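Participant: Knowing the structure of chain A, use the given hints to seat chain B on it.
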Amino acid sequence: MDFYKIPYLKVILTILILFLFSDLLYAQKIVRYDLYVKDTTVNFTGKPKRAIAVNGQIPMPTLTFTEGDTAEIYVHNELDEETSLHWHGLFLPNQYDGVPNLTQMPIKAHTTHLYRFAIIQSGTHWYHSHTQLQEQLGMYGAMILNKKEEPLIPTVPIVLSEWTDIKPENVHRMLHNASDWFAIKKGTTQSYSEAIKQGYFKTKVTNEFKRMTAMDVSDVYYNQFLINGKNESQFSQFKPGDKVRLRISNAGASTYFWLTYAGGKMVVVASDGNDVEPVEVDRLIIAVSETYDVIVTIPQVAPGSQPISFEFLATSEDRTRSASIFLGEGIKQLAAPLPKLKYFEGMKMMNGMMKMSGDLDDMGMNMSLNQMDMNLVMYPEITGPLKGKNEKGRKLEKVDKQDKITGQEKTTDRESMKMDDKNNTAESEHADHNKYNSNALSSITTLNYAMLRSVKSTALPQDAPVKELRFVLTGNMNRYVWSMDNKVVSESDKILIAKGEVVRMILYNNSMMRHPMHLHGHDFRLLNGQGEKAPMKNIIDIMPMETDTLEFAASESGDWFFHCHILYHMMSGMGRIFSYKNSPSNPEIPNPRLAQRKLFADDRKFHFMAENDIATNGNDGEAMLQNTRWSIGSEWRLGYNEHHGYEVETHVGRYIGKMQWLMPFIGFDWRYRKMGIDEVESNLFGQVNTKDKRSILSVGVNYTLPMLVIAQAEIFTDGILRLQLERMDIPVSKRFRMNLMVNTDKEYMAALKYIFIKNAGITAHYDSDMGFGLGLTLNY
Amino acid sequence: MKSIKILMAALLLSSLLSSVTLKAEIKEVFAQEVSTQNVKISGSCSLCKEGIETAAFEKNVSKASWDKDTKIAVITFNTTKTSIDAILKKIALAGYDNDSYLAPDDAYAKLADCCKYERTVKKLAVIEKPTSDHQHGSITDTKKEGVVMADPLKPVLVAYYAVKDALINSDGNAASASASQLVKAIKAVKMNELAAEQHKVWMQVMKDLDFNADHIAQTKDVEHQRDHFSTLSDTMYKLIKSAKPSEPVYYQHCPMAKEGKGANWLSQIPAIKNPYYGAQMLNCGKTTETIK
Chain A
1 MDFYKIPYLK
11 VILTILILFL
21 FSDLLYAQKI
31 VRYDLYVKDT
41 TVNFTGKPKR
51 AIAVNGQIPM
61 PTLTFTEGDT
71 AEIYVHNELD
81 EETSLHWHGL
91 FLPNQYDGVP
101 NLTQMPIKAH
111 TTHLYRFAII
121 QSGTHWYHSH
131 TQLQEQLGMY
141 GAMILNKKEE
151 PLIPTVPIVL
161 SEWTDIKPEN
171 VHRMLHNASD
181 WFAIKKGTTQ
191 SYSEAIKQGY
201 FKTKVTNEFK
211 RMTAMDVSDV
221 YYNQFLINGK
231 NESQFSQFKP
241 GDKVRLRISN
251 AGASTYFWLT
261 YAGGKMVVVA
271 SDGNDVEPVE
281 VDRLIIAVSE
291 TYDVIVTIPQ
301 VAPGSQPISF
311 EFLATSEDRT
321 RSASIFLGEG
331 IKQLAAPLPK
341 LKYFEGMKMM
351 NGMMKMSGDL
361 DDMGMNMSLN
371 QMDMNLVMYP
381 EITGPLKGKN
391 EKGRKLEKVD
401 KQDKITGQEK
411 TTDRESMKMD
421 DKNNTAESEH
431 ADHNKYNSNA
441 LSSITTLNYA
451 MLRSVKSTAL
461 PQDAPVKELR
471 FVLTGNMNRY
481 VWSMDNKVVS
491 ESDKILIAKG
501 EVVRMILYNN
511 SMMRHPMHLH
521 GHDFRLLNGQ
531 GEKAPMKNII
541 DIMPMETDTL
551 EFAASESGDW
561 FFHCHILYHM
571 MSGMGRIFSY
581 KNSPSNPEIP
591 NPRLAQRKLF
601 ADDRKFHFMA
611 ENDIATNGND
621 GEAMLQNTRW
631 SIGSEWRLGY
641 NEHHGYEVET
651 HVGRYIGKMQ
661 WLMPFIGFDW
671 RYRKMGIDEV
681 ESNLFGQVNT
691 KDKRSILSVG
701 VNYTLPMLVI
711 AQAEIFTDGI
721 LRLQLERMDI
731 PVSKRFRMNL
741 MVNTDKEYMA
751 ALKYIFIKNA
761 GITAHYDSDM
771 GFGLGLTLNY
Chain B
1 MKSIKILMAA
11 LLLSSLLSSV
21 TLKAEIKEVF
31 AQEVSTQNVK
41 ISGSCSLCKE
51 GIETAAFEKN
61 VSKASWDKDT
71 KIAVITFNTT
81 KTSIDAILKK
91 IALAGYDNDS
101 YLAPDDAYAK
111 LADCCKYERT
121 VKKLAVIEKP
131 TSDHQHGSIT
141 DTKKEGVVMA
151 DPLKPVLVAY
161 YAVKDALINS
171 DGNAASASAS
181 QLVKAIKAVK
191 MNELAAEQHK
201 VWMQVMKDLD
211 FNADHIAQTK
221 DVEHQRDHFS
231 TLSDTMYKLI
241 KSAKPSEPVY
251 YQHCPMAKEG
261 KGANWLSQIP
271 AIKNPYYGAQ
281 MLNCGKTTET
291 IK
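Chains as they are written, first to last, in full-length UniProt numbering: chain A, 1 to 780; chain B, 1 to 292.
Next comes chain A alone, as it looks inside the complex:
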């Protein structure tokens, strides 16, 4: 008996060991990447500019892993500044999430940092710098996580991005100072003269009456759009009849892309790295930082005929430019370019939705999931070309008619619409809705979130406690403040959640821009009417007036960022931090208080602007430092002689309220002027002042009136009261701006400025103190 037992055991043991060993080998396959982050010079537009490359390339190298691998990524920071890398869409331990000052300290200049985590999922993801505005400079790349068994179909990673010749810091500053240079470059000034020419004068007046500036679908003008770092490229390895899976990630800092294909319909098979049931569409819009897997077919050609390659076209949402790849070889079949937007139609639509309070009114339409696209009033391919040009004009008429009819019916029907179950929205097509439903209005099928259906059940545990959170996305375009519930990151507390909970978020967008909201480290279920097959995503694009509901299982620990992925919105503070209760302390954050202060510094940052007019009758200008709530501004008027005088007024104020129309301030006024003896000035209230030499404090308040007129009341310590009305930058034509000012000191001013380059213009102005002048205006 014993004789037999020993070898038997031995065999079992060896088998066991072998098994364990091979298993270990399999599970512990370590995939190492070394990433060298380094300054570089690029030339996308004919001008050499600074960018950041990793391993010498933009986009950064594609990182490929297989589910079950362990990733070891060494980041060698060869920059003279800090950096970080965030693995977008990945489930990983909190300390490797790559958010500087939240999950780790920044990677200091000329140091190396290791990210090491197990790959426990599959799908198309990407990675990017989470430090300052580095993403805009080229720090983005694809991250492909393969299943253990991937379907056998050729696959191409597609990284969409954009390039601007203006330094990102400057872009950010310009946005905060309401520069309209981007609008000039895009041709979207929407000035009064353009409005009159196109027959939209009333629309423009209403728009300004409601205190709105020109509307646009995106904030920044880009010089170039890129697919895998190139504006155009060809994949000639594919043959007619081939199916190709494009693993697309939108690494643009602030650009949404329309995706179209010249070779027929596209089949969407995954979103944000999660498989969905195949959906056939003509086009889709990919939000900033979203990913989609799309299968395209290269059409057959008849035997013996010339080969054709087909364009896959990515057009920026504002339709200024596009980037493309050609699939296959041979003569290039172009995709139809997207026609220019009808901006004044958009403005009209916005007017209808905007209440005088600055809130948006969806007129009871219960919008969600991108199904109703208000912007489609601007899309000529859906709603017909700009006013009655050719045969497509008829279609427009039809829409108008429908519009009128629904108008009558609205009252009776609002009730029934309210009854709609939220889960039912996918099915409840209604005429009122259809006005903005591009799939109902045209033969073009556009993807929306309601069409995404997961391939497997994504239901969350029924018995888990549910924490329900509601957020309103808020914003102020004029001052470029973006927030949630009118609070930026530094003004709000972390949101505490507990492991094991289901966190449900109901998000309503009350701002005028769409926001791609991204959750770190988790996928959430998007409740889109697909029941237990609700798709899993980590990005949800929410258009103005939309409400979306999403939920996720709180299964991790640590601090996770939830933010708008438009880079400039995020840096302005549009986000929140989810923090797990009782998390172990993060070894990467030795000093949490310091880290928090550094994190909050991002949205507390002050932005500087200055303008000076060197004119024949004097020198006047202003400089301003502003952040989310505070404004420190100084205006000066310096004459060329004592008779004209010298004057500097400084105001320090704080913006109040969501729309920031109200700004109380304290001021300091200094003047020196030499007038004739006994000459005095009186104001409308009969108060007398020589203004010869004055150095005085004041308090006052600014309020933005309809038509964007700023009313100012200011009382000085010597008892003098001054009321003033001022309207700056009236868009007269594409490049002409008018300023008007009048106050109770019987001072008035009118100026007309022509903007000829980003930082300079010519101004003609008349000023009650200094008379007529012509000058060169420089601005920063």
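Hint data in this document are derived by calculation from the structure and do not stem from the laboratory. Check each hint, because a few of them may be wrong.
[Stated by the list, open to error] Okay, the calculated beta carbon distance ranges per label pair:
hint: 1; chain 1: B; residue 1: Lys-116; chain 2: A; residue 2: Ile-444; range: 16 to 24 Å
hint: 2; chain 1: B; residue 1: Glu-33; chain 2: A; residue 2: Phe-606; range: 44 to 52 Å
hint: 3; chain 1: A; residue 1: Lys-167; chain 2: B; residue 2: Glu-33; range: 26 to 34 Å
hint: 4; chain 1: B; residue 1: Met-203; chain 2: A; residue 2: Lys-147; range: 53 to 61 Å
hint: 5; chain 1: A; residue 1: Lys-499; chain 2: B; residue 2: Lys-258; range: 50 to 58 Å
hint: 6; chain 1: A; residue 1: Asp-729; chain 2: B; residue 2: Glu-33; range: 36 to 44 Å
hint: 7; chain 1: B; residue 1: Ser-46; chain 2: A; residue 2: Thr-45; range: 34 to 42 Å
hint: 8; chain 1: B; residue 1: Lys-258; chain 2: A; residue 2: Glu-150; range: 33 to 41 Å
hint: 9; chain 1: A; residue 1: Glu-468; chain 2: B; residue 2: Thr-231; range: 42 to 50 Å
Predicted model, so just to flag it, every value in this text is computed and none were measured. Ideal Cβ placement from N, Cα and C applies to all residues, glycine included.
Facilitator: Coordinates of chain B only, in the frame set by chain A:
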């Protein structure tokens, strides 16, 4: 004061001068870097000539001259400013196929009728597509037929849909013809194949169904047909709800039909195609229930 004025004048003057010299330089470069190429471009008439030449023209950068007999365009351009490829792309986007690019279909479609040249290359590529589509379609069709056999009410529903589709198109003749088919289908239902519950409902609704279908068949007046279609739809709803249809049926409602009283209909597709108004208000309505 004076010195500042002088300074400013000097500044303005110098900037003016520099821009003038700059322009002169550009012109010089232009003279050196001009290239001319002959390219074949599809087109058929003098309107095409205009279209091609306009598309290729950019002031001081490029221009083209196209001959409608030889189909050859002589393209002259500044090589520092643009490339032959970029110009050919613009021409294709205007609707004209050439050796490098094929025009997008809708750009071609927008060309004037006289200008719709024969698309030799493009045509070949398209031929294959419909056949593959057709194959695909026929596969699903046979599948559907298989299911039909199992559902005794299916022919009624199919005939009903045909009436509905005719009304969507506001086609009184077709509606009448389809309704006659519906009457036949109703008569052909084998009651012994119906489930007990279904049988009960069938007995209740059969008369109404027959009555309304017959009335639609008797007239060619679309409005009259729509009146009966409304009642017919309500009865159909009762019937279908009692059954388990093999494919989802969408119960849809338009609040405006029948002068604001509202009316319902059944549809095989979730998208709204309103049978009560036709093209006038095709998309009015919503799905109130999905019967599966």
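Participant: For each hint, tell me whether it holds in the structure or not.
Facilitator: Hint by hint, here is what the structure shows:
1. The supplied range of 16 to 24 Å is met by Lys-116 of chain B and Ile-444 of chain A, whose beta-carbon atoms lie about 23 Å from each other.
2. The supplied range of 44 to 52 Å is met by Glu-33 of chain B and Phe-606 of chain A, whose beta-carbon atoms lie about 48 Å from each other.
3. Here the CB-CB span from Lys-167 of chain A to Glu-33 of chain B is close to 32 Å, well matched to the stated 26 to 34 Å.
4. Taking the beta carbon of each, Met-203 of chain B and Lys-147 of chain A are about 55 Å apart, inside 53 to 61 Å as hinted.
5. Remark: the range hint 50 to 58 Å for Lys-499 of chain A to Lys-258 of chain B is upheld by a beta-carbon distance near 57 Å.
6. For the hinted restraint 36 to 44 Å between Asp-729 of chain A and Glu-33 of chain B, the CB-CB distance of approximately 41 Å keeps it satisfied.
7. Taking 34 to 42 Å as the suggested C-beta distance range, the pair Ser-46 of chain B and Thr-45 of chain A conforms, at roughly 38 Å.
8. The hinted window of 33 to 41 Å between Lys-258 of chain B and Glu-150 of chain A is violated, with their beta carbons roughly 56 Å apart.
9. Range check, Glu-468 of chain A to Thr-231 of chain B: about 45 Å between beta-carbon atoms, so the 42 to 50 Å window is met.
This entry does not satisfy hint 8, going by the numbered hints stated previously; all others are met.
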